[in-house]
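Line order of the protein sequences matches chains A and B.
Each residue of the first sequence is one higher than the last, beginning at 4 in our numbering.
Each residue of the second sequence is one higher than the last, beginning at 4 in our numbering.
Just so you know, these hints were derived from the structure itself, not from any lab.
Accuracy of the hints is not assured; some may be wrong.
One copy or two, either will do: identical chains are not told apart, so a pair holds if it fits within one copy or between any two.
Under the rule of at most 16 Å between Cα atoms (straight-line distance), these lysine to aspartate or glutamate pairs were calculated in the EDC-like manner [said to hold, decoys possible]:
1. Lys186 <-> Asp318
2. Lys157 <-> Glu198
3. Lys403 <-> Asp388
4. Lys106 <-> Glu68
5. Lys364 <-> Glu218
6. Lys106 <-> Glu63
7. Lys157 <-> Glu204
8. Lys403 <-> Glu68
9. Lys186 <-> Glu204
10. Lys403 <-> Asp318
11. Lys157 <-> Asp207
12. Lys212 <-> Glu308
13. Lys212 <-> Glu346
14. Lys94 <-> Glu122
15. Lys157 <-> Glu218
Here is what each chain is made of, one letter per residue.
There are 2 protein chains.
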Amino acid sequence: MDRINRPALTDRLREETALFATRHPGSAAQARNSAAHLLTGNGMNWWRMWPGGFPLCIREGQGAEVTDVDGNVLVDLCLGDTGAMTGHAPKGATEAIAASLYKGSSFMLPTEDHLWVAEELERRFGFSHWQYALSASDANRFAIRWARMATGRKKVAIFNHAYHGAVDEALAELDESGAVVPKAGNIGYGIAPSETTKVVEFNDLEGAKAALADEDVAIFLVEPALTNMSIVLPDPGFLEALSEACRDRGTVFLMDETHTISEGYRGYTGTHGIRADMIVIGKPIASGIPAAVYGFASDLAQTIESRYPAPEDEDALGIGTTLTGSAVTLAAIRGTLEHVLTEEAHRHMDALAEHYEAGVKSLFADLGLDWSVIRMGARVEFLYDNTNPRNGSDVLNSFKDYDLNAYLHVALLNRGFVLTPFHNMALMCPATTRAQVDAFHAAFREILEPVVGRD
Amino acid sequence: MDRINRPALTDRLREETALFATRHPGSAAQARNSAAHLLTGNGMNWWRMWPGGFPLCIREGQGAEVTDVDGNVLVDLCLGDTGAMTGHAPKGATEAIAASLYKGSSFMLPTEDHLWVAEELERRFGFSHWQYALSASDANRFAIRWARMATGRKKVAIFNHAYHGAVDEALAELDESGAVVPKAGNIGYGIAPSETTKVVEFNDLEGAKAALADEDVAIFLVEPALTNMSIVLPDPGFLEALSEACRDRGTVFLMDETHTISEGYRGYTGTHGIRADMIVIGKPIASGIPAAVYGFASDLAQTIESRYPAPEDEDALGIGTTLTGSAVTLAAIRGTLEHVLTEEAHRHMDALAEHYEAGVKSLFADLGLDWSVIRMGARVEFLYDNTNPRNGSDVLNSFKDYDLNAYLHVALLNRGFVLTPFHNMALMCPATTRAQVDAFHAAFREILEPVVGRD
């Protein structure tokens with residue numbers, strides 16, 4: 004039952020889009036000029052998907068706020084889609100990174116930070132051995148390679164509609180008949196993903212066991228909760244049972260915390276005490292400097308080290324690129340762990356997210372909207388239905404309401420709030436305040452009320 | 004005919020390795036402690052390949068010098084294997100990057116630098132449309148995807164023993180029968196590379212034409228000169244003819260300037276006026292901040308844009324990751340182009356590299372060593388033979404003299420000079436001085452003389 008007043012929505016979307024254009028002439032000019040110099044007018048593909056007809060051009064960000072080139076100040080609940088979960092320009096990390104720049108950024112050699120970071124990561128996340136990468140995508144790619152080396156197997160297993168970045172093996176999905184096909188939008192694959200990848204519905208333990216039964220799966224890339232289309236939480240005991248099943252079948256069990264790092268100080272893995280063979284942590288780990296880390300349980304590290312050729316024989320190709328583990332990335336990770344993503348900061352972010360969640364729930368209730376609100380630590384999503392999704396297929400169409408999406412996002416931008424464009428995610432950073440969340444609630448009410456039908 | 008006195012080499016290698024351990028106790032301790040916390044004891048795989056038994060642990064770098072944790076100051080001719088071709092902590096770029104950190108590093112939205120950089124790249128390299136990436140590997144991956152979209156084809160062509168980073172499709176080589184097989188050291192491939200990749204010997208125009216004849220090659224990844232095992236220069240007219248052949252067969256012709264950017268201010272492509280459909284530039288482009296750029300000729304850009312789905316329909320998966328094109332990476336690219344890798348700086352680097360080349364040639368002549376010295380702009384390599392290599396197979400074994408490699412590198416490190424460990428590359432940066440190159444020549448003579456046989 005659509006509780007949205009569609010004629011009102013059409014009118015308001017037109018008005019808000021016009022207002023958006025009026026209030027952002029500088030961003031509009033940047034977008035116009037970019038059309039002749041950047042492919043599809045965008046330096047980065049995802050800008051195309053920002054609502055309003057063109058992306059905001061940002062002049063600077065401080066804490067939970069950004070200022071665009073037209074001087075508009077906005078509360079940023081998108082935070083670079085997790086890349087800026089630290090908040091913009093977080094003081095302790097920014098100073099550490101800047102200092103490291105003046106001492107050289109890239110040597111292809113270790114610095115003292117490499118060991119400090121590995122020790123801190125072990126303390127926090129419990130994995131004994133670490134390596135570095137430039138992105139969580141790269142970390143996943145390298146993890147797949149190490150797992151293939153350790154197991155002598157080739158296949159990769161993933162959940163349907165999970166997110167593992169730009170990794171070829173992970174850009175697969177199930178079609179209606181249950182066959183593995185290229186994910187919609189996978190424009191440039193060279194090999195049918197069914198040759199490399201098994202896809203299982205999230206929360207389907209029997210399906211996962213069936214995929215593992217042939218003992219040809221090197222690694223299961225596990226997104227602890229689905230995060231790329233709303234949030235789908237695991238059933239109680241699901242991840243624990245899957246971890247056991249992987250161990251039974253000799254498959255490397257990897258927790259990809261690319262987004263679930265919002266769950267807390269120790270990630271989803273540590274917070275919930277999930278046993279895993281590997282972990283990947285990217286995005287905010289270096290306060291916006293491109294970097295990721297990945298960790299190995301000690302028995303897996305031993306297996307890999309025992310199979311590794313001597314340095315004079317062979318390099319391991321496909322692992323790392325030249326700037327991987329550079330001095331500046333490690334200084335940035337250290338600064339972030341030491342000063343920004345602390346236990347105390349996560350407590351603050353969690354509490355604020357709870358407050359955000361409660362306010363949005365109460366607003367939906369007031370308006371008679373039976374919409375879901377789901378929280379994972381500092382991250383909160385809402386859906387335009389209440390179907391209690393248990394897997395990616397359940398939520399696939401839940402936010403494909405293009406007009407409603409566009410209206411909510413543009414109207415919020417016009418009132419000074421940035422919500423993640425691809426879905427309806429809000430994220431709290433250490434600098435986000437209760438007053439900002441309260442102001443969001445008020446603005447959200449103001450824009451929702453006029454488009455909700457009162458039948 | 005081996006002109007090396009092997010017994011003398013064995014003795015000197017032992018002595019220099021012992022001296023190396025004595026002079027670098029802090030680096031040795033860091034390596035020992037890292038064994039328990041970093042996979043294979045290394046945060047990044049390539050550290051394993053540094054000579055001397057453990058990699059130097061670096062405290063800081065300034066210009067062409069690095070200082071290790073034991074206080075040794077070394078002239079850095081490796082420069083992060085091109086990542087620091089800018090020199091360490093280059094002033095203009097460092098200040099620009101630091102300033103950008105204090106204004107926020109990652110928004111998933113454009114800043115004014117995005118357009119500035121694209122315009123400067125067009126001015127310098129001549130390609131009309133640009134996108135950004137975190138590494139040249141990523142840029143190559145994305146280029147492959149765009150080319151597959153534009154051509155509707157799947158296959159990728161590469162040169163035997165060319166370097167394109169960690170891209171799966173490029174980790175292939177020819178075996179003795181001419182079949183495409185996984186590159187030695189490719190530990191974790193999931194698909195036989197022959198399914199995705201055609202491999203051609205460098206400088207073999209007829210071979211390249213044969214690979215293109217079936218019109219199933221989406222893109223030819225072209226390393227303008229082979230750079231990962233010494234330097235193999237293209238025959239006069241080879242790249243021009245290959246470019247024509249690709250155009251005739253509808254294959255996207257990509258110049259991967261990952262290493263050949265040393266050739267000059269406008270890269271190999273611009274310096275030699277090669278027509279290409281795409282170009283990739285990574286490593287030093289952001290003064291050590293992980294970033295890369297890739298450009299499209301306007302007709303290819305138009306083809307892609309015409310085939311691209313509307314934003315409300317589909318995202319293009321596998322292109323970009325969250326921090327791609329972030330504010331700090333673009334500030335770093337801008338700072339580097341504006342202040343560091345200027346035309347004047349490249350003139351200085353070129354002249355010094357010529358001086359380095361002349362001194363090494365003269366030393367080899369004095370010692371009766373018929374060894375090659377090859378230069379590509381600011382980059383100079385030497386080989387332990389003079390076979391005039393024309394392709395990767397010709398040079399495959401030229402520097403597999405493990406003892407000689409180890410001795411030269413360790414003895415140079417003991418005398419305060421860092422040469423690229425995997426091969427014998429020296430690179431000049433804007434801060435390298437003539438006095439440093441002269442001092443290198445003297446040190447190189449001092450260590451070579453005792454191991455050259457006088458028959």
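Status of each hint after checking the structure:
1. Lys186 <-> Asp318: Intra 33 Å, inter 10 Å, cutoff 16 Å: inter-copy only.
2. Lys157 <-> Glu198: Answer is both: 10 Å inside a copy and 15 Å across each meet the 16 Å cutoff.
3. Lys403 <-> Asp388: The answer is within: 12 Å in one copy meets 16 Å, while 64 Å across copies does not.
4. Lys106 <-> Glu68: between (30 Å within a copy, 11 Å between copies)
5. Lys364 <-> Glu218: neither (45 Å within a copy, 57 Å between copies)
6. Lys106 <-> Glu63: Result: close only across copies, 5 Å inter versus 25 Å intra.
7. Lys157 <-> Glu204: neither (21 Å within a copy, 29 Å between copies)
8. Lys403 <-> Glu68: neither (28 Å within a copy, 55 Å between copies)
9. Lys186 <-> Glu204: Only inside one copy: lysine 186 and glutamate 204 sit 14 Å apart there, 35 Å across copies, limit 16 Å.
10. Lys403 <-> Asp318: between (46 Å within a copy, 13 Å between copies)
11. Lys157 <-> Asp207: neither (22 Å within a copy, 34 Å between copies)
12. Lys212 <-> Glu308: neither (29 Å within a copy, 43 Å between copies)
13. Lys212 <-> Glu346: neither (36 Å within a copy, 60 Å between copies)
14. Lys94 <-> Glu122: So lysine 94 and glutamate 122 fail the 16 Å test inside a copy (23 Å) and across (33 Å) alike.
15. Lys157 <-> Glu218: within (10 Å within a copy, 30 Å between copies)
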